[in-house]
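Chain A is fixed; fit chain B onto it per the hints.
Chains A and B are the protein sequences, given in the same order. Quick note on full-length UniProt numbering: the first sequence kicks off at 1 and runs consecutively. Quick note on full-length UniProt numbering: the second sequence kicks off at 1 and runs consecutively.
Treat the hints with caution; some may be incorrect.
The list treats identical chains as one, so a pair stands whether inside a single copy or across any two.
[Said to hold, decoys possible] Simulated crosslink set (EDC-like; lysine to aspartate or glutamate; CA at most 20 Å straight-line):
(1) K145 / D60
(2) K175 / D207
(3) K275 / D207
(4) K149 / D260
(5) K198 / E171
(6) K253 / E243
(7) K50 / E74
(8) K198 / E243
(9) K160 / D207
(10) K253 / D84
(11) K77 / D60
(12) K253 / E232
(13) K236 / E258
(14) K275 / E214
(15) K17 / D48
(16) K236 / E197
(17) K107 / D85
(18) K273 / E199
(19) K236 / E251
Since the hints were derived computationally from the structure, they do not count as laboratory data.
Protein chains: 2
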Amino acid sequence: MNVFIIGIGLIGGSFAKDIKRIMPESKIYGIDANDAHLEEAFTLNLIDVKSNYEDLGLADMVIVSIPVDVLVTELPKILDAVNDDCVVFDGGSTKQLICKQLDNHPKRRNYLAAHPIAGTEFSGPSAAIEGLYEGKTNIICEVEKTAFKLQERALELFQKMGMRIRYMNPEAHDKHIAYVSHLSHISSFMLGKTVIEKEKNERDIFDMAGSGFESTVRLAKSSPAMWAPIFEQNKKNVVETLEEYIQNLEEFKQMLLENDFEGIYNEMNNTNKIKEILNGIPLNKK
Amino acid sequence: MNVFIIGIGLIGGSFAKDIKRIMPESKIYGIDANDAHLEEAFTLNLIDVKSNYEDLGLADMVIVSIPVDVLVTELPKILDAVNDDCVVFDGGSTKQLICKQLDNHPKRRNYLAAHPIAGTEFSGPSAAIEGLYEGKTNIICEVEKTAFKLQERALELFQKMGMRIRYMNPEAHDKHIAYVSHLSHISSFMLGKTVIEKEKNERDIFDMAGSGFESTVRLAKSSPAMWAPIFEQNKKNVVETLEEYIQNLEEFKQMLLENDFEGIYNEMNNTNKIKEILNGIPLNKK
Chain A
1 MNVFIIGIGL IGGSFAKDIK RIMPESKIYG IDANDAHLEE AFTLNLIDVK
51 SNYEDLGLAD MVIVSIPVDV LVTELPKILD AVNDDCVVFD GGSTKQLICK
101 QLDNHPKRRN YLAAHPIAGT EFSGPSAAIE GLYEGKTNII CEVEKTAFKL
151 QERALELFQK MGMRIRYMNP EAHDKHIAYV SHLSHISSFM LGKTVIEKEK
201 NERDIFDMAG SGFESTVRLA KSSPAMWAPI FEQNKKNVVE TLEEYIQNLE
251 EFKQMLLEND FEGIYNEMNN TNKIKEILNG IPLNKK
Chain B
1 MNVFIIGIGL IGGSFAKDIK RIMPESKIYG IDANDAHLEE AFTLNLIDVK
51 SNYEDLGLAD MVIVSIPVDV LVTELPKILD AVNDDCVVFD GGSTKQLICK
101 QLDNHPKRRN YLAAHPIAGT EFSGPSAAIE GLYEGKTNII CEVEKTAFKL
151 QERALELFQK MGMRIRYMNP EAHDKHIAYV SHLSHISSFM LGKTVIEKEK
201 NERDIFDMAG SGFESTVRLA KSSPAMWAPI FEQNKKNVVE TLEEYIQNLE
251 EFKQMLLEND FEGIYNEMNN TNKIKEILNG IPLNKK
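Excised from the complex, chain A in its bound form (with noise of 0.2 Å):
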């Protein structure tokens, strides 16, 4: 099988290192914007070719992992360029432009729109990781409209890189992502801003920083090139939710001026049973 990842970092170079473990047989070229990445992917043999658009006809099956703004136009040209037989699904973080994007397009019954959700903070070829997307949750929208052929050959490679699928149309995707995603890291962005600007003299961070401040702040670290279309595609759904989030700080902070400490302790006390909802999540083994 011929297998095309456009975009080949974390995302796609997690993918690659699970097509070469599960497929040995597969052949994987891929395309990159960045010279310096693809040329990386090469070395680092996530990649057995180094590709470009004109092969693309070659392809059995496309991954395409790059930012969801770039999704939008490059899309439509991968689905000119493939063959009839081909499968091509994403991995982006928003569903409901693109799948609007390509409702009319000829070949939209070649592509899978797909969401897996797994990552680090990390970026680029170096950041791939083995076994990311074991047990990790994979969303699948508009299914019904990928030939039943294509979604049989995408999803058999998720099966065996252990991944649990789950039907969900892009509106419900792009509003639960939302909450659960898009949220998280504006207020991890956030809280990192806050601190630095605060805190001139970095060492004053460094020292008193734990493991605590770490974890709620490591989604900062995120890159900026992917996250910022993903906000702008979401824009209505992460407006809604910011809000919200706001909403309950200015609560806390109304409690905190009021002296209402018995309203605090309920409020964290009501929140601890994301303890529970937690332990479903599996998480990122790194």
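Relative to the frame of chain A, chain B by itself:
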């Protein structure tokens, strides 16, 4: 050496484990307001003797690891009960009130105000971890008010446990720690609250949440009994950090509403430098 640990949970229990390794000849006496915890600590072999305040005269060292509201009422009594050659230190996350409270205590020289910055989101004797404090920062306040010989005894232990010592006045401690610890807890608790409120069907969170959300919301598992009093004692600083955090979130929302995605990119890009800052933080081994 007779070591008394008052409050034998995550913090006290982890001290017990290290002390048993480093100073095997010492005898560890446990005191806890919760009988079940005391019994558990004994069964887990964290302590050698289940004890009470009446035995405090035997102590060479007393470690007080209890919520900060109880510290304020208990530390004066503990100091009253110990002999002149005993060092008493605490692990409270606020230092200003307790230092002020003890300033005129006749045994002030027996007290060392400490804050070892280490922990997890779990609590109780079973949460104790050997080596929890290794490589972690321990902030000592008003060191000059502790008898020199008693400073030495405590510092020798801290050193053998692998802690890095930083000296700071209580005001500076409480101000900085509000940014790098207390605010992280509020941002995490309110993130958990926002998501739980929205997602009435918890399966939706469970299925879509990834390791990023888990990391950002981890501190929302923390003990309300420990944290409500910390927010109370450090109210002024915490409100200030919270206001700055809310302000930053508001500005981010405003940029979203104004479609200023270049501004959003720049904000995130600037905050990325948290990477270099965090590289210096020794992470929790757990």
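Consistency of the hints with the structure:
1. K145 / D60: Answer is within; shortest intra-copy Cα gap is 18 Å, inter-copy 74 Å.
2. K175 / D207: Between copies only: 14 Å across chains, 39 Å inside a chain, cut-off 20 Å.
3. K275 / D207: between (29 Å within a copy, 15 Å between copies)
4. K149 / D260: Neither. Shortest intra-copy (60 Å) and inter-copy (42 Å) distances fail the 20 Å Cα cut-off.
5. K198 / E171: between (39 Å within a copy, 16 Å between copies)
6. K253 / E243: Cα proximity of K253 and E243: in one copy and across copies (15 Å, 8 Å).
7. K50 / E74: within (18 Å within a copy, 69 Å between copies)
8. K198 / E243: Only across copies: K198 and E243 sit 12 Å apart there, 24 Å inside one copy, limit 20 Å.
9. K160 / D207: between (44 Å within a copy, 19 Å between copies)
10. K253 / D84: neither (58 Å within a copy, 43 Å between copies)
11. K77 / D60: within (16 Å within a copy, 76 Å between copies)
12. K253 / E232: For K253 and E232, only the inter-copy Cα distance (11 Å) is at most 20 Å; the intra-copy one is 29 Å.
13. K236 / E258: between (33 Å within a copy, 12 Å between copies)
14. K275 / E214: both (19 Å within a copy, 10 Å between copies)
15. K17 / D48: Within. Shortest intra-copy distance 11 Å satisfies the 20 Å Cα cut-off; inter-copy 51 Å does not.
16. K236 / E197: Result: close only across copies, 19 Å inter versus 28 Å intra.
17. K107 / D85: within (10 Å within a copy, 83 Å between copies)
18. K273 / E199: So K273 and E199 pass the 20 Å test across copies only (13 Å; inside, 33 Å).
19. K236 / E251: between (23 Å within a copy, 16 Å between copies)
Checked against the numbered hints above, the structure violates hints 4 and 10; every other hint is satisfied.
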